[in-house]
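Q: The listed protein sequences correspond, in order, to chains R and W. Numbering-wise (the working numbering), the first sequence opens with residue 3 and increments by one. Numbering-wise (the working numbering), the second sequence opens with residue 3 and increments by one.
Treat the hints as calculated values from the structure; they're not laboratory data. If you're wondering where the values come from, they're calculated on a predicted model, not measured in any experiment. Please note that a few of the clues may not be correct.
No distinction is drawn between identical chains; accordingly, a pair holds when it is met within one copy or between any pair of copies.
What the hints assert, rightly or not - No more than 25 Å apart at the CA atoms, straight line, and that leaves these computed lysine-lysine pairs for BS3-like:
id : residue 1 : residue 2
1  : Lys457    : Lys51
2  : Lys389    : Lys354
3  : Lys17     : Lys56
4  : Lys37     : Lys121
5  : Lys121    : Lys241
6  : Lys370    : Lys354
7  : Lys471    : Lys121
Protein chains: 2
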Amino acid sequence: MSTMSWLQQKRLEYKPKIPRLLQDLNQVVFKELKKKKKCLDSLRPFFPKTWDQKPFGLEEVKSTKSSPLTVGVLFSGGPASGGHNVIAALLDGLKTIHPKSRLLGFLGGVEGLLQGSYKELQEKEVGFFRNQGGFDLLGTGRGKIETEEHLNKALKACQQQDLDGLVVIGGDDSNTNAAILAEYFLEKGCQTKVVGIPKTIDGDLRSEDIEISFGFDTACKTYSEIIGNIARDALSAQKYYHFIKLMGRSASHICLECALNVQPNLALIAEEKKSLEEIVKEIADLICLRFEKGKEYGVILIPEGLIEFIPEMQSLISQLNQLIQEGSSSFEKIVERLQDPHRNLFLTLPEKIQKQLLFDRDPHGNMKLAQIDTDELLIERVTQELKRRTSYKGKFSPQRHFLGYEGRACFPSNFDANYCYSLGLLASLAIRDGLTGVICSFQNLSSQSEEWRAKAVPIIELMRLEVRKGKEKPVIEKSLVDINGVCFVKYRHLKKLWAVEDHYRYPGPLQFFGDSSLIDSCPVILNK
Amino acid sequence: MSTMSWLQQKRLEYKPKIPRLLQDLNQVVFKELKKKKKCLDSLRPFFPKTWDQKPFGLEEVKSTKSSPLTVGVLFSGGPASGGHNVIAALLDGLKTIHPKSRLLGFLGGVEGLLQGSYKELQEKEVGFFRNQGGFDLLGTGRGKIETEEHLNKALKACQQQDLDGLVVIGGDDSNTNAAILAEYFLEKGCQTKVVGIPKTIDGDLRSEDIEISFGFDTACKTYSEIIGNIARDALSAQKYYHFIKLMGRSASHICLECALNVQPNLALIAEEKKSLEEIVKEIADLICLRFEKGKEYGVILIPEGLIEFIPEMQSLISQLNQLIQEGSSSFEKIVERLQDPHRNLFLTLPEKIQKQLLFDRDPHGNMKLAQIDTDELLIERVTQELKRRTSYKGKFSPQRHFLGYEGRACFPSNFDANYCYSLGLLASLAIRDGLTGVICSFQNLSSQSEEWRAKAVPIIELMRLEVRKGKEKPVIEKSLVDINGVCFVKYRHLKKLWAVEDHYRYPGPLQFFGDSSLIDSCPVILNK
Chain R
3 MSTMSWLQQK
13 RLEYKPKIPR
23 LLQDLNQVVF
33 KELKKKKKCL
43 DSLRPFFPKT
53 WDQKPFGLEE
63 VKSTKSSPLT
73 VGVLFSGGPA
83 SGGHNVIAAL
93 LDGLKTIHPK
103 SRLLGFLGGV
113 EGLLQGSYKE
123 LQEKEVGFFR
133 NQGGFDLLGT
143 GRGKIETEEH
153 LNKALKACQQ
163 QDLDGLVVIG
173 GDDSNTNAAI
183 LAEYFLEKGC
193 QTKVVGIPKT
203 IDGDLRSEDI
213 EISFGFDTAC
223 KTYSEIIGNI
233 ARDALSAQKY
243 YHFIKLMGRS
253 ASHICLECAL
263 NVQPNLALIA
273 EEKKSLEEIV
283 KEIADLICLR
293 FEKGKEYGVI
303 LIPEGLIEFI
313 PEMQSLISQL
323 NQLIQEGSSS
333 FEKIVERLQD
343 PHRNLFLTLP
353 EKIQKQLLFD
363 RDPHGNMKLA
373 QIDTDELLIE
383 RVTQELKRRT
393 SYKGKFSPQR
403 HFLGYEGRAC
413 FPSNFDANYC
423 YSLGLLASLA
433 IRDGLTGVIC
443 SFQNLSSQSE
453 EWRAKAVPII
463 ELMRLEVRKG
473 KEKPVIEKSL
483 VDINGVCFVK
493 YRHLKKLWAV
503 EDHYRYPGPL
513 QFFGDSSLID
523 SCPVILNK
Chain W
3 MSTMSWLQQK
13 RLEYKPKIPR
23 LLQDLNQVVF
33 KELKKKKKCL
43 DSLRPFFPKT
53 WDQKPFGLEE
63 VKSTKSSPLT
73 VGVLFSGGPA
83 SGGHNVIAAL
93 LDGLKTIHPK
103 SRLLGFLGGV
113 EGLLQGSYKE
123 LQEKEVGFFR
133 NQGGFDLLGT
143 GRGKIETEEH
153 LNKALKACQQ
163 QDLDGLVVIG
173 GDDSNTNAAI
183 LAEYFLEKGC
193 QTKVVGIPKT
203 IDGDLRSEDI
213 EISFGFDTAC
223 KTYSEIIGNI
233 ARDALSAQKY
243 YHFIKLMGRS
253 ASHICLECAL
263 NVQPNLALIA
273 EEKKSLEEIV
283 KEIADLICLR
293 FEKGKEYGVI
303 LIPEGLIEFI
313 PEMQSLISQL
323 NQLIQEGSSS
333 FEKIVERLQD
343 PHRNLFLTLP
353 EKIQKQLLFD
363 RDPHGNMKLA
373 QIDTDELLIE
383 RVTQELKRRT
393 SYKGKFSPQR
403 HFLGYEGRAC
413 FPSNFDANYC
423 YSLGLLASLA
433 IRDGLTGVIC
443 SFQNLSSQSE
453 EWRAKAVPII
463 ELMRLEVRKG
473 KEKPVIEKSL
483 VDINGVCFVK
493 YRHLKKLWAV
503 EDHYRYPGPL
513 QFFGDSSLID
523 SCPVILNK
């Protein structure tokens with residue numbers, strides 16, 4: 003059996019569809035746009051050199067000339083579908099700009115940059131990664147650029163390779179790094195331009211200009227396939243309540259998108275900020291109501307970040323953090339010092355959750371909120387609540403699922419393949435035209451790709467100051483689900499109907515061939 | 003948004019491809035085959051009337067005539083993809099045989115039959131279920147036919163509706179029931195013929211005649227998609243060892259099929275009957291070897307039924323069963339009475355597994371082996387083993403996954419859609435031609451569907467006697483992975499290569515449109 007599956011081979015042949023203006027890179031240039039968003043004044047001290055960076059759009063010209071460019075590229079953070087197309091497009095773009103241009107891929111993320119570990123990318127190798135999933139052409143990592151030493155190492159690596167540009171493919175933290183590097187390079191008189199590409203399946207790197215990050219569409223379509231399969235199983239077997247926890251850190255975009263795709267009986271949206279009691283009551287009410295209709299099964303979606311938004315949990319966590327910081331390390335000590343209502347809440351939590359709240363910390367001492375078994379907590383509480391309701395005579399058989407790694411490295415949907423390829427081309431132009439500290443974006447993404455409007459947005463437009471480890475730092479603000487926005491309001495309007503009657507929708511596996519209606523759709527949350 | 007997804011709508015239009023001889027049902031008849039497999043003599047007392055049932059094949063004739071038929075159908079057990087096509091084909095077949103024929107669907111499985119709860123099926127409704135996943139047109143259940151009362155109720159239901167035939171779509175237990183019903187109906191002078199359809203994603207309902215049960219192909223392709231996605235994530239992020247437990251009860255067919263599809267670093271095959279120590283050593287060796295190559299990630303497949311085949315666990319479980327039967331109910335009492343080496347083994351198991359071994363019993367008092375967290379046990383043991391190996395300096399970050407409900411109710415692959423539609427047509431012919439106590443089958447399934455050879459096989463050919471609840475009972479023998487068979491030998495030959503070098507193969511999501519190579523494949527384990 004060949005190591006390449008049939009689909010791998012077939013997808014190599016796909017030609018991404020790109021915006022009209024990107025069809026000949028030598029007949030467009032970036033031009034400053036007049037409309038500029040006001041950045042926060044407080045950011046100015048952090049970005050004296052790039053403070054004045056303007057947004058740019060594309061404009062047609064007769065022809066352009068460029069000397070060969072040398073560009074570095076790296077992946078940062080968790081995989082997202084389409085990353086390889088950014089690289090393929092960078093290679094194609096740079097070669098179109100000048101056949102002697104070179105593309106260097108840093109290995110293993112930011113670490114590779116800091117260590118100057120790279121490989122030169124050629125079509126011979128890149129050709130096998132077109133329209134394929136994963137980040138394995140270069141690997142990725144969670145490396146950060148935090149200290150002067152890091153900055154200096156990055157500078158050295160770029161100078162050593164005489165880079166005209168560095169393309170950072172990453173999420174909010176990585177694009178923050180890109181902005182900081184851009185500033186630092188200017189300060190040090192280094193010619194390397196730094197350009198960011200908005201990546202993250204979570205969909206929380208959004209703004210007025212960035213309609214969605216790449217990878218979100220494929221991840222949600224893959225999760226929706228699986229959730230649809232589980233929903234049809236639930237309806238067929240009528241035995242279980244499926245609690246499906248979905249990756250996505252803080253924001254509930256993935257949960258909302260999947261809910262609109264599959265129409266489950268309930269999707270919790272963390273940004274509603276309900277109390278634990280309210281959530282448990284909502285689920286228990288749903289179960290009782292469905293039991294009256296003869297239904298003892300259902301599908302409930304839970305966003306990974308839920309616990310962070312439950313007010314009393316948030317407040318408990320913050321007291322726990324304080325106690326641990328003050329030096330309390332044993333379970334007993336911490337419980338002893340907790341004050342009510344936190345103490346009371348903490349003691350009613352399942353033992354496993356208590357341990358997770360106390361001991362699962364990342365290297366920075368932060369709680370790994372995502373790894374807390376929120377679904378287990380809800381199931382336990384709902385079980386108790388149903389027992390309390392003596393009028394409830396049904397059974398309650400829950401099944402737990404977690405969807406995450408299944409959706410980050412899969413074959414990109416046509417949307418993500420097109421989007422990423424377009425982003426890569428745009429990045430090559432941004433470097434050619436000397437932009438730095440910008441992130442590439444397209445608007446009008448819910449139209450055909452020919453109609454997308456390209457833009458290079460100053461990264462600092464997305465930033466604000468946050469206190470991290472006791473210090474004010476510029477960071478990109480995470481975009482949360484807007485509970486007054488069209489999509490959530492639409493969901494809230496439909497959820498009563500979906501709760502009792504089963505309106506499950508089965509998107510099925512992502513298709514790559516056949517009717518455009520089937521293969522070319524964009525995320526639902528873009529169709530406003 | 004419509005309640006039907008685009009794919010749901012498109013799949014309604016698919017026309018299943020069927021064997022040549024089934025293209026005009028009115029020009030074929032079933033004819034007794036000469037070659038008959040010898041059934042076990044010990045079964046004779048259980049099946050005096052059907053003992054002489056012969057296998058039948060199809061033969062072309064000028065034309066046939068038939069009066070209208072009334073046929074009942076039911077789903078039994080867990081969903082498997084393609085079930086709705088069996089029903090669609092039954093309806094089409096019966097209407098072709100005679101336009102006034104009727105098809106009655108019993109609701110909620112065997113329960114529906116016993117209670118006489120059914121609905122008449124018409125194209126108006128069935129039309130929306132063509133090539134769709136799930137069993138939700140009728141629902142299903144775990145009901146069994148065990149007592150004289152059950153048999154009598156089933157008889158009454160069939161007589162009341164004046165059924166010419168009853169089609170049972172189910173696994174080994176359900177087809178056993180079909181054989182018993184066929185015998186009982188003959189004994190009582192009831193005209194209803196009973197025909198079985200081989201269903202189960204587990205793939206353990208196989209014989210010389212039944213190359214594979216329906217649902218296996220779609221389930222394995224869906225799991226393989228997900229495993230491939232996880233493997234590409236593992237290779238990209240290089241952070242985790244993914245332990246993926248796969249549904250499939252006792253037999254490891256699903257695990258083997260997925261391994262051949264995705265080429266993971268290791269796939270445990272329960273039928274190898276390795277000891278716990280051997281398995282832990284094998285995994286730890288793999289991790290150490292990969293660490294030497296700079297790899298701290300990997301993908302390991304675990305069949306759900308593994309624990310049942312580990313000799314010392316088997317023997318522990320049997321002693322536990324005995325102690326519980328003798329009346330020991332508390333944890334302490336049982337531990338006290340356990341003898342070494344069982345006691346020793348039991349005490350070294352994680353607390354959670356100990357509890358599962360003691361308390362997770364089904365209504366018949368059997369251990370729910372499938373629900374035991376074998377993957378957690380292995381992870382704990384491997385962690386200990388790696389700590390013991392002081393020379394190992396790597397990290398070990400495991401992630402657990404369970405794939406089951408994701409793969410049972412999805413859109414059937416073309417293979418399953420064609421196979422199920424053909425099975426349904428064949429069942430309508432079997433009833434028209436008066437066969438009873440048979441299961442429908444096709445041979446040559448790895449060729450194009452035009453070339454499949456139809457057969458109606460006496461169910462008792464698949465049976466043997468087993469002691470259940472202290473009594474000898476006729477049951478269909480579960481087919482296990484043959485560790486001397488071509489497929490396992492092929493895997494064993496390749497596994498060393500896959501262990502260290504990463505040869506992950508990414509099958510991607512099941513495709514329904516495009517090249518035949520992409521959409522028409524059969525399970526790998528059929529290509530011998």
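Q: Evaluate each hint against the coordinates.
A: Hints and how they fare:
no.: 1; hint: Lys457 / Lys51; result: within (21 Å within a copy, 80 Å between copies)
no.: 2; hint: Lys389 / Lys354; result: both (21 Å within a copy, 24 Å between copies)
no.: 3; hint: Lys17 / Lys56; result: neither (32 Å within a copy, 57 Å between copies)
no.: 4; hint: Lys37 / Lys121; result: neither (39 Å within a copy, 65 Å between copies)
no.: 5; hint: Lys121 / Lys241; result: between (53 Å within a copy, 21 Å between copies)
no.: 6; hint: Lys370 / Lys354; result: both (14 Å within a copy, 23 Å between copies)
no.: 7; hint: Lys471 / Lys121; result: neither (35 Å within a copy, 66 Å between copies)
Consistency note: the structure conflicts with the earlier hints numbered 3, 4 and 7.
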